[in-house]
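Based on the hints, put chain B in the right spot on chain A.
Chains as they are written, first to last, in the working numbering: chain A, 665 to 1179; chain B, 2 to 310.
Hints listed in this document are in silico derivations from the structure and should not be mistaken for laboratory results.
Some hints could be false.
[To be verified] Short derived list, chain A residues pointing at chain B, Cβ under 10 Å: (1) T718; (2) M720; (3) N724; (4) S800; (5) R903; (6) I905; (7) T1050; (8) N1058; (9) T1062.
The C-beta atom is built at its ideal place from N, Cα and C for all residues, glycine as well.
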Amino acid sequence: MKKLSYLFSVITLMVTIVIIGVLFTSTEALAAQPEGQNKTPKDKIVFSTRLDFTTMDVTNTPSTITKSVYHSVYNTLVEKDVATNEIIPALAESWTMDSPTEYSFILRQGVKFHDGSDFTSADVKFTYERALEHNSSKSKLASLASIELDGDYALKIVLKQPNMDFLDIITDPTLSILSKNAFEALGDEKGIQQGTGPYKYKEWDQGSYLDLEANDEYWGGKPATNELRLQYISESSSRLIAVKTGEMDFIQDPPLSELANIKADSSLKLLTYPSASVELLFFNTKQPPMDNPDVRRAIEYALNRQDIVDGVFLGNAIPNNNIMHSSNAYYSEIESVDQDIEKAKELLAKAGYADGFELTLISNSSPDSQAICTIVQAQLDEIGITVKYEPLENATHTTVAKSGEGYHMDSCQWSGYAFGPDLGIRELIYSSGSNNYAHYSDAKMDQMIDDAIKIEDKSERIAAYKAIEEYSEDVMVVYPICVKNYTFVSGINVEDIPQPNGPIMNYRNLVSYSE
Amino acid sequence: MYRYIIKRVLLLIPILIAVSFIVFFIVDLAPGDSIDAVFGNELSTEDKETMREEMGYNDSLLVRYARYIGNVFKGDMGMSVLFKKPALELYLNRVPATLKLAFWGIFIALIIAIPLGVISAIHQNTFIDTLSTILGLLGMSMPSFWFGLLMIILFSLKLGWLPSFGNEGRGSIIMPALTVGVGQAALLMRTTRSSMLEVIRQDYIRTARAKGVKEGVVIYKHALRNALIPIITAAGTQLGIALGGTVVVESVFAWPGVGKLTIDAFNARDTTLVVGCLILTTALSSVLMMFIDIIYAFVDPRIKARYSR
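Here chain A stands alone, though its shape is the one from the complex:
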């Protein structure tokens, strides 16, 4: 009996030994791996992000990771070159703008869908008409009036009114071209899975992984890697360990606190690109005293973007003093004010709040927003403004922010700039904009936005948006803070991951080498 007792004591001690063993062993020694001499491309690449692939229903999702997968499985009519911000051919070989409301496209010939059916102009018409039937996608094509087919490989798209962002909008992967024949022959569920892209769906274990396999018939040439696996790992520390163990070729969004260690680790590569969203603070103009421009300006003088970038993002973000995203083709450098506490106090006194006042700041449940709000709280405290901070769950946040009731300021992210400048600006500060959480209504601003979308000449259009950006800085209803970086960590044998196009990651040309 006594022997048994000791045996069991030893077994249970194992738990403790595991803990102690880990705590007292250095991770550095094991992390380093030798670099191979002769490299051959691996057959399969495994990667992970914090988000899960949600649906194969192309027209029906806002999920960025899901759209990124569509970018590999399907093609849109045209695409955007991330480096030059220019629209480039995809399934449309060429196009012309016949008038501000008419576009003619010549389509690529010899392209096949994954089910073997041919790609023709009928598929484009079918896809766009299907998108117009779905509530979740119809607003994207709101300006489309009609599609006229001119044989199998040419078509004309007529718009209801000029929209110089039209080509940008149709680069959205949720407007990827679907096969009319596949829908008829295979039914909706299978039909929607047939794209023309470099990868095909292979297997989806919802909540776990999605496997894609190379499309040997891809019109742009077979991709270098035969198989891709997108693994869902929601926990950032677990993702990082998986890339360190070599089970993952690359991951997105490691824990920010680990960035310094990753940089120092010779077996890992860290890549950062500007993300799609701008961190913003809205002043709710429906709620006094936020309707007073001096109060808003005073708060602008009290805030400091660099402190937020350093404190919240540990430097992994770019300060952005413009409501326009810095990587948008229509972004211009504009003047804004630097932190000046004295000036802020002066403006507050002028507005009649020399002793400060109390305001309510809300945010969604994003940890970034919550950290931003804590810093804003401290910065505004310096000019005598007491901030009552209320973090809200996402759906609650949207409802409260839309109502304009019960808050003075709101912190959230805005990522509407991926498909042209208009949507981003319009939804944000146009009087009927869906994301106009400042509840700002200004006929001059609305007119400027309505005019800018119709300007054909690119440099004139850039100037028009610069005027909007400057006017927004003047009225100060939205305080732009920064653009957070997307962060990728890969093993040293993985070729650099291409820059994302806004929120859309490019998984088409991934290459990893084995030793």
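Then chain B, alone, in the frame of chain A:
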């Protein structure tokens, strides 16, 4: 016995209806809905309104609930807004992984807890008892995500023995099950100890010893068997909790279980999926509790006699 089982199964129906109504009501209390949560700013206000109208979100709570329950009785648990798939299919896909983790977890917990609890009880107030109490406290207070990550660092990163994530391959269950098991073992060990302490002071144990029965037989046959009822109850409760999903463990090990599905559904305010997950988890746990009750009968003949009456 059969009558008892039928009674228990019938009792499930009002329980599930009550659970579904409470969940429906609570999810409805918070502002915002799945269309706001899933589509955020992607859709215009008008488009969202049209969707709400089409999906019947604008009807009153009772109308929506009655429609939902009506469909459930027809075998349709609704479509998830987030995943665009039937809620039942999504849930059933995750059940095997959850069952695997829950049963392996409780198995490990019992292997650790019963011997340690017995030893602590028979060596009450000795060094071994103190040591197992400390280990028990450690297991109970140690956050499972922390213990899980430590194991990943040791067994995956340093030793390279086990996969660090997922539910594929032979070794993938070991670390998640250990994480679940160690956390549960602590409570079970304390239950075993106190239950054993009560039993070994009974007269019949003294009688057995006086008759010269071997100590091992006294402890494991006479004492432990009589001490098992509270242990089975505690183990059943723990298993029930694990069946609802061990969200933290599922997140750390990227384990595709129902817990993570339920949380993802909650975050997306996907009412259909949330209610579906909770109803099915309640059903699963209730069936399990029924089995536990039946096990009592096998362990304790007195209970079996009562059922038979």
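Interface restraint verdict for N1058/A against chain B (beta-carbon cut-off 10 Å) | holds (6 Å)
Status of the R903/A interface restraint (C-beta, 10 Å, chain B) = Interface hint status for R903/A: holds (8 Å vs cutoff 10 Å).
Going by Cβ atoms only, is S800/A closer than 10 Å to chain B?
-> holds (6 Å)
For the hint on T1062/A, does the least C-beta distance to chain B fall short of 10 Å?
-> holds (4 Å)
Agreement of hint I905/A with chain B interface, Cβ distance less than 10 Å | Constraint on I905/A satisfied, holds at 5 Å.
Against chain B, is T1050/A within 10 Å by beta-carbon distance?
-> violated (25 Å)
Going by Cβ atoms only, is N724/A closer than 10 Å to chain B?
-> holds (6 Å)
Closest C-beta approach of T718/A to chain B relative to 10 Å, hint status | holds (6 Å)
Are M720/A and chain B close enough, Cβ to Cβ, to be under 10 Å, as the hint says?
-> Holds. Min distance 8 Å.
Of the numbered hints listed earlier, the single one contradicted by the structure is hint 7.
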